[in-house]
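Q: Protein sequences, first through last, are from chains W and P.
If you read the first sequence in my numbering, its first letter stands for residue 5, the second for the next number, and so on.
If you read the second sequence in my numbering, its first letter stands for residue 31, the second for the next number, and so on.
Treat the hints with care, since some could be wrong.
Claimed, not checked - Taking lysine to any residue and the SDA-like style, the derived pairs with C-alpha atoms no more than 20 Å apart in a straight line are:
1. K156/W with Y86/P
2. K66/W with E145/P
3. K130/W with H92/P
4. K130/W with E90/P
5. K130/W with N98/P
6. K66/P with N204/W
7. K208/W with L65/P
8. K185/P with I64/W
Claimed, not checked - If you want the ones that stay clear, here's a sample from chain P, every Cβ over 10 Å from chain W, calculated:
9. N43
10. V52
11. E54
12. K59
13. S114
14. D209
These are computed hints drawn from the structure, not numbers from a lab.
Quick caveat: nothing in here was measured; it's all calculated off a predicted structure.
Just so you know, even glycine gets a beta-carbon here, dropped at the ideal spot from N, CA and C.
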Amino acid sequence: MSDSNSREILIPGDLLSETSEFKAGIGTFRENGRIYAAQVGIKSIRGNYINVVPLAGKYIPKAGDMVIGKIIDIGPSNWLVDINCPYPAPLHVNDVPWRVDFGDTAKYLNVGNNILVKVLKVDETKRIQLTLKEQGLRRLTSGRIIEISHSKVPRVIGKSGSMISMLKNYTNTRMFVGQNGRIWIDGEPEDIQLAVEAINMIEKEAHLLGLTEKVKEFLESKKKEKIES
Amino acid sequence: MGGHSDIVLIDENGLRVDGRKVDELRPIKIEAGVLKNADGSAYLEWGNNIVLAAVYGPREAHPRHVQNSNKAIIQARYNMAAFSVGERKRPGPDRRSIEISKIISEALEAVTMTELFPRATIDVYMEVLQANAGTRCAAITAASVAMADAGIPMKGLVTGCAAGKAGDKVILDLGQEEDNFGQADVPLAIVPRTGEIVLLQMDGHLTEEEFDKAFKMATEAAVNVVYPLQVAALKKKYMESLEDVEDEIINDDPGNSMEVTSGGEVIPENTTDMTQGGDE
Numbered sequence: 005m006s007d008s009n010s011r012e013i014l015i016p017g018d019l020l021s022e023t024s025e026f027k028a029g030i031g032t033f034r035e036n037g038r039i040y041a042a043q044v045g046i047k048s049i050r051g052n053y054i055n056v057v058p059l060a061g062k063y064i065p066k067a068g069d070m071v072i073g074k075i076i077d078i079g080p081s082n083w084l085v086d087i088n089c090p091y092p093a094p095l096h097v098n099d100v101p102w103r104v105d106f107g108d109t110a111k112y113l114n115v116g117n118n119i120l121v122k123v124l125k126v127d128e129t130k131r132i133q134l135t136l137k138e139q140g141l142r143r144l145t146s147g148r149i150i151e152i153s154h155s156k157v158p159r160v161i162g163k164s165g166s167m168i169s170m171l172k173n174y175t176n177t178r179m180f181v182g183q184n185g186r187i188w189i190d191g192e193p194e195d196i197q198l199a200v201e202a203i204n205m206i207e208k209e210a211h212l213l214g215l216t217e218k219v220k221e222f223l224e225s226k227k228k229e230k231i232e233s
Numbered sequence: 031m032g033g034h035s036d037i038v039l040i041d042e043n044g045l046r047v048d049g050r051k052v053d054e055l056r057p058i059k060i061e062a063g064v065l066k067n068a069d070g071s072a073y074l075e076w077g078n079n080i081v082l083a084a085v086y087g088p089r090e091a092h093p094r095h096v097q098n099s100n101k102a103i104i105q106a107r108y109n110m111a112a113f114s115v116g117e118r119k120r121p122g123p124d125r126r127s128i129e130i131s132k133i134i135s136e137a138l139e140a141v142t143m144t145e146l147f148p149r150a151t152i153d154v155y156m157e158v159l160q161a162n163a164g165t166r167c168a169a170i171t172a173a174s175v176a177m178a179d180a181g182i183p184m185k186g187l188v189t190g191c192a193a194g195k196a197g198d199k200v201i202l203d204l205g206q207e208e209d210n211f212g213q214a215d216v217p218l219a220i221v222p223r224t225g226e227i228v229l230l231q232m233d234g235h236l237t238e239e240e241f242d243k244a245f246k247m248a249t250e251a252a253v254n255v256v257y258p259l260q261v262a263a264l265k266k267k268y269m270e271s272l273e274d275v276e277d278e279i280i281n282d283d284p285g286n287s288m289e290v291t292s293g294g295e296v297i298p299e300n301t302t303d304m305t306q307g308g309d310e
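Next up, chain P with everything else stripped away, as it sits in the complex:
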């Protein structure tokens, strides 16, 4: 916003600078469980944005005074790498990243069942490796996949998406030029299961009608396009070893396959039954 330029953001055919239609998202790729040392993690590419999210916890909160004896606290940290933008970004937290960390913590807290882990902390780290407008939406989308991957009880995933106005038109998912030289940007995060909005900001100016249109565009894209990708990423991670075995069954001689599939002792009888390992 604010910048002025002769750039044509929307051409006579209604296409944007990167060739997208006004209601088209950039390509998105999500992968869950990419880091070994974190309890949960996710890698996300959203157009030219690249975000890596890692979750630790629940673990003991330090120092003691930050602990809450009724629920877990969520400490999210959004950080942009020095090499994430064209001109080197001065490393370390600045006014902008502190703000984004705070709002993402609050958005994630809205869905997390924090009351299950009193005095603990859940640490969420989001590293923006490459930035190209819309990193906070990308970061929260990755963070919620990483949280689910860490096995943290949540009332639903959180999905981010932005809409705005550039070239006098309401558009979905602003790119770099549209963000810099456009008229408004509305990033938001939604819980697709309930439709609850957990993050909503606006930069620039929109009329009420334009806002409603942008809001509808962003929520619909989040729920119908981005959310299924999050779900697919998580399912893929946990299905992977299952597929390994299916391959083996196919490669085995057919007589053997019945035996392999006819087990059934994976899920324990009940929780009390499995408490005792017993030595010898």
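Isolated chain W, as found in the complex:
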């Protein structure tokens, strides 16, 4: 509870605030006017909200999230998509950019296909609706998909996208980071490999200060090696 954004690791039940000056944000709960941490994480104060940035946990979808999903089942008018969360995520034919006749779903997307998809709606009972009807959303036909812990997604993206744009520049790849922790990388095989190594490094050292600098150093040294050889 020392300074506002200390790197102290919080445990469920740790006291965050005894006063009413703050509101209980993500990863916290309020009891008898006090705010406590609910998850293992790091404290962060945004405006008048106290949040706990979680260091572990499953991805829970929310409306507007861009995620990478895999078709796991086909129905006559919908696909079932695995988006790496505890709930089944159906994609209805009305939410794809094609006119699909009843029963013709397999012609467009088949089991095993990967798609870049948006979470359209999540209701109170966590029933999910996906959509493919937006610019940039599509089936992913080339490249490679890797999976990281969803709690480390913000670190891969960096402050206003600084980390990801650096990764793209240095590795010369196309990249998309889904909110569910899946990352799509496309480019030359050795470039993809380098990007994967850099992302693994980010995942391993995600809660450190000066991470962007470290990754930059790593990428630069790799680049030098490449030129020399």
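Go by the hints and put chain P onto chain W.
A: Leaving out everything else, chain P in the frame of chain W:
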């Protein structure tokens, strides 16, 4: 309980068979995050008890009829390995382990924010690899560390501890002989943050005064000794990579260290800002 023997459980110096004082715990060791494939895990040694706990979830509950549309269900399974006791234990769930699984599920449910995950399940597996009295307390202590390690929102950790009576004295944390030939065993689990009791059982006979004494002993040991070990285990796991870097800073030339520590972009600006990765 129930067994009779000529064994002297407490000697003339007030020491127990394993040399402990009446209010002394066995040595405890906890480690968080020991399994790669589980969402969260913990390894615990409590005297000669060894327990491994693993947590999966929240994930979709199967079959459908066990789902609750208002909250997540917690399915805890306590299991003793065939080799956990001296004489081979017949594997599989028996009356005792089904009971323990049920009470541990209920104890963990009392602290978990299950309403955040409707229709889902949180599966908690506790494998007793070596048993030496007090395994249910050891199991729930490990399970709550594993739950926190899995990132499941909870209102606090759960800590188990037992007390009882042997050799006509109220004692803390019964060992094997004291459990077998003693007069009573009171295992309990407490939420140290609130003092709430989430599990309480008793086997044998105690007077009201003896019960109060045993209860006080067990709760105090849980809160003051066992709970800090749980917290330390979790902090250690998540601090580890932080320490790696501190080592590097020390080994680096001093001019470099300022740069390494002067970053600050780890925590994202706000939640909406980080939603878009954007391709290209």
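Q: Please go over all the hints and tell whether each is borne out by the structure.
A: Here's how the hints hold up against the structure:
With a C-alpha separation of about 19 Å, the suggested pairing of K156/W with Y86/P holds against the 20 Å cut-off. Between K66/W and E145/P the CA atoms are separated by roughly 16 Å; this keeps the pair inside 20 Å, and the hint holds. For the hint pairing K130/W with H92/P, the CA-to-CA distance comes to about 16 Å; that is within 20 Å, so the pair holds. For the suggested pair K130/W and E90/P, the alpha carbons sit about 11 Å apart, so the restraint of at most 20 Å is met.
Pair hint K130/W plus N98/P holds up; C-alpha atoms about 12 Å apart against a cutoff of 20 Å. Restraint check for K66/P and N204/W: the C-alpha separation of about 15 Å stays at or below 20 Å, so the hint holds. The hinted pair formed by K208/W and L65/P meets the criterion: a straight-line CA distance of about 16 Å does not exceed 20 Å. Taken as a hint, the K185/P and I64/W pair is honoured in the structure, with Cα atoms around 19 Å apart against an allowance of 20 Å.
Every beta carbon of chain W lies more than 10 Å from that of N43/P, the smallest distance being close to 39 Å; the non-interface claim holds. Look at V52/P: its CB is around 30 Å from the nearest CB on chain W, clear of 10 Å, so calling it non-interface holds up. Here E54/P stays apart from chain W, with its beta-carbon at least about 26 Å from theirs, past the 10 Å limit. Under the 10 Å C-beta cut-off, the non-interface status given to K59/P relative to chain W holds; the minimum distance is some 18 Å.
No beta-carbon of chain W comes within 10 Å of the beta-carbon of S114/P; the shortest separation is about 29 Å. Every CB of chain W is more than 10 Å from the CB of D209/P (nearest about 30 Å), matching its label as outside the interface.
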